[in-house]
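Participant: Sequence:
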Amino acid sequence: MVIRFLLDTNIISEPVRLQANPGVIQKLKEHELEIAMASVTWHELLFGCYRLPASKKRNKIEKYLKDTIQPKIPILYYDDLAAEWFAQERARLVGLGKTPAYPDGQIAAISKVNNLILVTNNISDFIDFQEIQVENWFV
Numbered sequence: 004m005v006i007r008f009l010l011d012t013n014i015i016s017e018p019v020r021l022q023a024n025p026g027v028i029q030k031l032k033e034h035e036l037e038i039a040m041a042s043v044t045w046h047e048l049l050f051g052c053y054r055l056p057a058s059k060k061r062n063k064i065e066k067y068l069k070d071t072i073q074p075k076i077p078i079l080y081y082d083d084l085a086a087e088w089f090a091q092e093r094a095r096l097v098g099l100g101k102t103p104a105y106p107d108g109q110i111a112a113i114s115k116v117n118n119l120i121l122v123t124n125n126i127s128d129f130i131d132f133q134e135i136q137v138e139n140w141f142v
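In terms of our numbering, the sequence shown opens at residue 4 and continues consecutively.
What the hints contain is simulated information worked out from the structure, not anything from laboratory work. Yeah, the Cβ is synthetic: ideal placement off N, Cα and C, and Gly gets one too. One or more of the hints may lead you astray.
As the list claims (entries may be wrong) - Each pair of labels, with its calculated beta carbon distance range:
hint	residue 1	residue 2	range
1	Met4	Gln73	39 to 47 Å
2	Leu84	Asn125	20 to 28 Å
3	Asn125	Ala94	17 to 25 Å
Start from the sequences, fold in the hints, and give me the full structure.
Facilitator: So this is what it looks like as structure tokens:
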């Protein structure tokens, strides 16, 4: 299958939540061969895990990331094309008086240059970026 969706951090982390959203879980299963994540997202997931104190919870999350996520979900990198798109988009937004969060801009850029639908629960973080498609699997 062809990759169609770029998953944001809150989508990938949903399955390890105590009360995971069943709609998100269903979509992950339905599209399991069509998903990827940004290298920025991988960093956010690992950073969130490593910030936790040593515990069963941290061990569970680390195992999920290393044994389930890393081998199954391709990681797309912030490359020269993504950097160019984000530089132009960031300049446009700053000209409008808006300052996009840098990691969100990188994720949006990876989504745009790979022609993928960005899946997130944080639609508002990406609303100002032009020419990207965004979906919320929580609704």
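Participant: A separate judgement is required for each hint: does it hold in the structure or not?
Facilitator: Hints, one by one, checked against the model:
1. Met4 <-> Gln73: 39 to 47 Å: 19 Å, violated
2. Leu84 <-> Asn125: 20 to 28 Å: Distance hint for Leu84, Asn125 holds at roughly 24 Å.
3. Asn125 <-> Ala94: 17 to 25 Å: 23 Å, holds
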